[in-house]
Amino acid sequence: MRARLIALLLAASAAAFGADRQFDRLVSAVEARFGARQTHIPLMGVANFFVKVARPEGAAGFRLAVFEDLKFDADGDGAALDRIMASASEGLHPLVRVRSRRDREWTYIYTGDVGKITKMLIATFGSGEATVMEVQLSMDAMVRALGEPARTGKLFAQ
Amino acid sequence: MRIAIVMVAAVLSSAWAQEIKLPPAFDKLAAKAQETVDVTLDSNMLQLAGKFLSDKDADQAKAKQIVAGLKGITVRTFEFAKEGEYSMADMDALREQLKAPAWSRIVGVTSKTENTEIYLKQSEGSRIGGMVIINAEPKELTIVSLSGTISVDDLSALGGQFGIPKVDAPKSKGKEEE
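Quick mapping for you: the protein sequence lines, in order, are chains A and B. Going from the first sequence to the numbering used here is simple: count from 1 and add 405. Going from the second sequence to the numbering used here is simple: count from 1 and add 7.
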């Protein structure tokens with residue numbers, strides 16, 4: 406019985422670890438490539454708890470990393486960013502990529518495998534700052550995003 | 008109608024990887040564009056979308072049936088700051104891939120402000136195995152690729168789903184409009 410519980414606990418931990426690996430890989434890659442450190446966001450734990458309970462817009466949890474003083478050149482670093490995103494997002498499906506020279510911002514959205522709760526990884530890179538977010542979405546919310554993918558991409562790009 | 012068809016395909020649309028290769032000229036276009044938007048919906052995502060369409064509603068049921076036959080949708084949009092930043096010759100390498108006998112052009116509309124071309128890939132019977140839509144405006148270029156089985160008539164039924172506007176698609180493989 407005890408062994409079973411331990412096995413279950415290990416399995417759950419492994420699943421949780423696996424679920425977040427793309428987020429962690431991307432955060433590490435951004436720090437390494439663009440010389441940026443994450444900005445501390447106060448009350449993040451409280452906000453995440455609220456999201457898990459209230460599920461606003463079908464979100465069932467999130468992780469967020471905000472970077473400042475990013476050494477990112479929207480004109481010259483595009484190819485490097487594409488490579489970083491392709492590597493970090495391994496295991497996810499690309500959905501939208503928006504490159505805006507007008508706003509000097511790049512946005513990427515990836516989705517996880519289809520399930521009751523599906524992961525969406527969103528990353529935006531602009532002049533001097535970047536945001537990486539992983540959201541656990543209900544299927545309803547995911548379908549809404551799939552219905553208008555270009556709009557979803559532009560929304561996050563703003 | 009032309010814009011509506013492009014929008015339908017845009018909302019629905021990974022055929023590049025399987026059948027159509029984006030020519031290197033497109034990278035140059037991306038470098039010149041003010042904004043580019045790439046949308047990729049693979050079969051997994053399309054099936055997910057299909058699960059949420061109701062069997063009870065006739066329109067949704069039809070759309071669900073159509074989505075079930077699709078393998079993927081890819082959309083690339085380039086927005087330019089001013090006119091003349093691209094030419095139709097930039098599309099030549101893409102058009103080279105859309106030639107008979109596998110592909111046929113069913114719509115070609117040319118006007119002063121907009122050019123639209125629709126190409127179909129032949130499949131069994133009346134079904135088609137893929138569709139490519141090129142919509143060129145002075146400051147915007149959109150290329151859409153749908154892979155999977157779909158009939159031209161199905162395009163109309165997809166209107167109103169996933170936020171897709173109602174579409175009056177060409178009724179069948181007809182003559183080109185010029």
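Since the hints were derived computationally from the structure, they do not count as laboratory data. Just so you know, even glycine gets a beta-carbon here, dropped at the ideal spot from N, CA and C. Hints may be right or wrong, so weigh each one.
[What the hints assert, rightly or not] Estimated spans, in silico, between C-beta atoms of each pair:
(1) GLU147(B) with GLY533(A): 42 to 48 Å
(2) ALA437(A) with LYS63(B): 50 to 56 Å
(3) GLN443(A) with VAL116(B): 28 to 34 Å
(4) GLY481(A) with ASP64(B): 34 to 40 Å
(5) GLY440(A) with LYS146(B): 22 to 28 Å
(6) ARG488(A) with ALA100(B): 20 to 26 Å
(7) VAL471(A) with PRO108(B): 51 to 57 Å
(8) VAL519(A) with LYS28(B): 40 to 46 Å
(9) GLU534(A) with ALA65(B): 45 to 51 Å
(10) ARG426(A) with ARG112(B): 44 to 50 Å
(11) LYS63(B) with ARG438(A): 24 to 30 Å
[To be verified] Residues from chain B that face chain A, not an exhaustive set, calculated with beta carbons under 10 Å:
(12) ILE27
(13) LEU29
(14) THR43
(15) VAL44
(16) THR47
(17) ASP49
(18) LEU55
Those earlier numbered hints the structure runs against, lowest number first: 1, 3, 4, 5, 8, 11, 12, 13
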